[in-house]
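A.B. asks: Take the sequences, apply the hints, and build the full model.
The primary structure of each chain is shown beneath.
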Amino acid sequence: DQQVKQNSPSLSVQEGRISILNCDYTNSMFDYFLWYKKYPAEGPTFLISISSIKDKNEDGRFTVFLNKSAKHLSLHIVPSQPGDSAVYFCAASAQGGSEKLVFGKGTKLTVNP
Amino acid sequence: NAGVMQNPRHLVRRRGQEARLRCSPMKGHSHVYWYRQLPEEGLKFMVYLQKENIIDESGMPKERFSAEFPKEGPSILRIQQVVRGDSAAYFCASSPGTVWSLHFGNGTRLTVT
Numbered sequence: 001d002q003q004v005k006q007n008s009p010s011l012s013v014q015e016g017r018i019s020i021l022n023c024d025y026t027n028s029m030f031d032y033f034l035w036y037k038k039y040p041a042e043g044p045t046f047l048i049s050i051s052s053i054k055d056k057n058e059d060g061r062f063t064v065f066l067n068k069s070a071k072h073l074s075l076h077i078v079p080s081q082p083g084d085s086a087v088y089f090c091a092a093s094a095q096g097g098s099e100k101l102v103f104g105k106g107t108k109l110t111v112n113p
Numbered sequence: 114n115a116g117v118m119q120n121p122r123h124l125v126r127r128r129g130q131e132a133r134l135r136c137s138p139m140k141g142h143s144h145v146y147w148y149r150q151l152p153e154e155g156l157k158f159m160v161y162l163q164k165e166n167i168i169d170e171s172g173m174p175k176e177r178f179s180a181e182f183p184k185e186g187p188s189i190l191r192i193q194q195v196v197r198g199d200s201a202a203y204f205c206a207s208s209p210g211t212v213w214s215l216h217f218g219n220g221t222r223l224t225v226t
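Quick note, the sequences are listed as chains A and B, same order. Position 38, counted from 1, in the first sequence is what our numbering calls 38; the numbers after and before it change by one each time, with no gaps. All you need for our numbering is the position in the second sequence, starting with 1, plus 113.
FYI, nobody ran anything at the bench for these hints, they're computed from the structure. Keep in mind that the hints are not guaranteed to be accurate.
Cross-link-like lysine-lysine pairs, in silico, DSS-like; alpha carbons within 27 Å at most [what the hints assert, rightly or not]:
hint	chain 1	residue 1	chain 2	residue 2
1	A	Lys54	A	Lys105
2	B	Lys164	B	Lys184
3	B	Lys157	A	Lys100
4	A	Lys100	B	Lys184
5	A	Lys71	A	Lys56
6	B	Lys184	A	Lys105
7	A	Lys56	A	Lys100
8	A	Lys68	B	Lys157
9	A	Lys108	A	Lys68
10	B	Lys175	A	Lys105
11	A	Lys105	A	Lys56
12	A	Lys100	B	Lys140
13	A	Lys108	A	Lys5
14	A	Lys100	A	Lys5
15	B	Lys175	B	Lys164
16	B	Lys164	A	Lys100
17	A	Lys71	B	Lys157
18	B	Lys140	B	Lys184
19	A	Lys56	A	Lys5
20	B	Lys175	B	Lys140
21	A	Lys5	A	Lys54
22	B	Lys157	A	Lys5
23	B	Lys175	A	Lys100
24	A	Lys108	B	Lys157
A short, non-exhaustive set of chain A residues, derived as facing chain B with CB atoms under 8 Å [unchecked claim]:
hint	residue
25	Pro44
26	Asp59
27	Phe62
28	Phe89
29	Lys100
30	Leu101
31	Lys105
All C-beta atoms in this analysis are idealised placements derived from N, C-alpha and C, irrespective of residue type, glycine included.
C.D. replies: Here it is in structure tokens:
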């Protein structure tokens, strides 16, 4: 039972354009969402997060949008850079002090120069 | 300021042997989490520990797997009598107190031959 789904295994965009990575979830108890970026042979690094009381959070080139009614979130990267090429994981956590993150399978982003 | 340190980076074991994976959290972090990533999968929660206590082990297989975080020294994930299906990347993460600020190590890649 996959509670966090990233349906696109890969995405390729041109440098300077927008990258949009999508994530869907099924558990309505999730109230905090995070995006992690992972390079090969390294651990995930935190990118940006959003609480369920918000619908948008922005940090530089990265913006996360949350649509609670659709149980959908997306990560926008503008403008995309070759160094953004990595695997991006969406993760979620449930209310009540749950201390575990539920991860999607990831989307491999390739930004072409 | 050293990050989360995991060793070894790569570990090869034959079926039936024991694997010991070590994790030293970031300085000042008293919460440790272990996640496992199977090929082509997202990270899956295994166990959450604080010093000398297992807080949540709901993601741990019932047999052969154990984890500890002693008062002194690193956290240890121990896999007894390894099987080929245990081959995966095992990531440790630490935080000062909440899941919102997890820092991951670079992982241990276990290969069972």
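A.B. asks: Now, for every hint given, state plainly whether the structure supports it.
C.D. replies: Each hint tested on the structure:
no.	hint	result
1	A:Lys54 / A:Lys105	24 Å, holds
2	B:Lys164 / B:Lys184	6 Å, holds
3	B:Lys157 / A:Lys100	9 Å, holds
4	A:Lys100 / B:Lys184	22 Å, holds
5	A:Lys71 / A:Lys56	14 Å, holds
6	B:Lys184 / A:Lys105	34 Å, violated
7	A:Lys56 / A:Lys100	23 Å, holds
8	A:Lys68 / B:Lys157	24 Å, holds
9	A:Lys108 / A:Lys68	25 Å, holds
10	B:Lys175 / A:Lys105	24 Å, holds
11	A:Lys105 / A:Lys56	23 Å, holds
12	A:Lys100 / B:Lys140	21 Å, holds
13	A:Lys108 / A:Lys5	14 Å, holds
14	A:Lys100 / A:Lys5	17 Å, holds
15	B:Lys175 / B:Lys164	22 Å, holds
16	B:Lys164 / A:Lys100	17 Å, holds
17	A:Lys71 / B:Lys157	21 Å, holds
18	B:Lys140 / B:Lys184	14 Å, holds
19	A:Lys56 / A:Lys5	20 Å, holds
20	B:Lys175 / B:Lys140	31 Å, violated
21	A:Lys5 / A:Lys54	21 Å, holds
22	B:Lys157 / A:Lys5	13 Å, holds
23	B:Lys175 / A:Lys100	18 Å, holds
24	A:Lys108 / B:Lys157	18 Å, holds
25	Pro44	5 Å, holds
26	Asp59	14 Å, violated
27	Phe62	17 Å, violated
28	Phe89	6 Å, holds
29	Lys100	4 Å, holds
30	Leu101	6 Å, holds
31	Lys105	4 Å, holds
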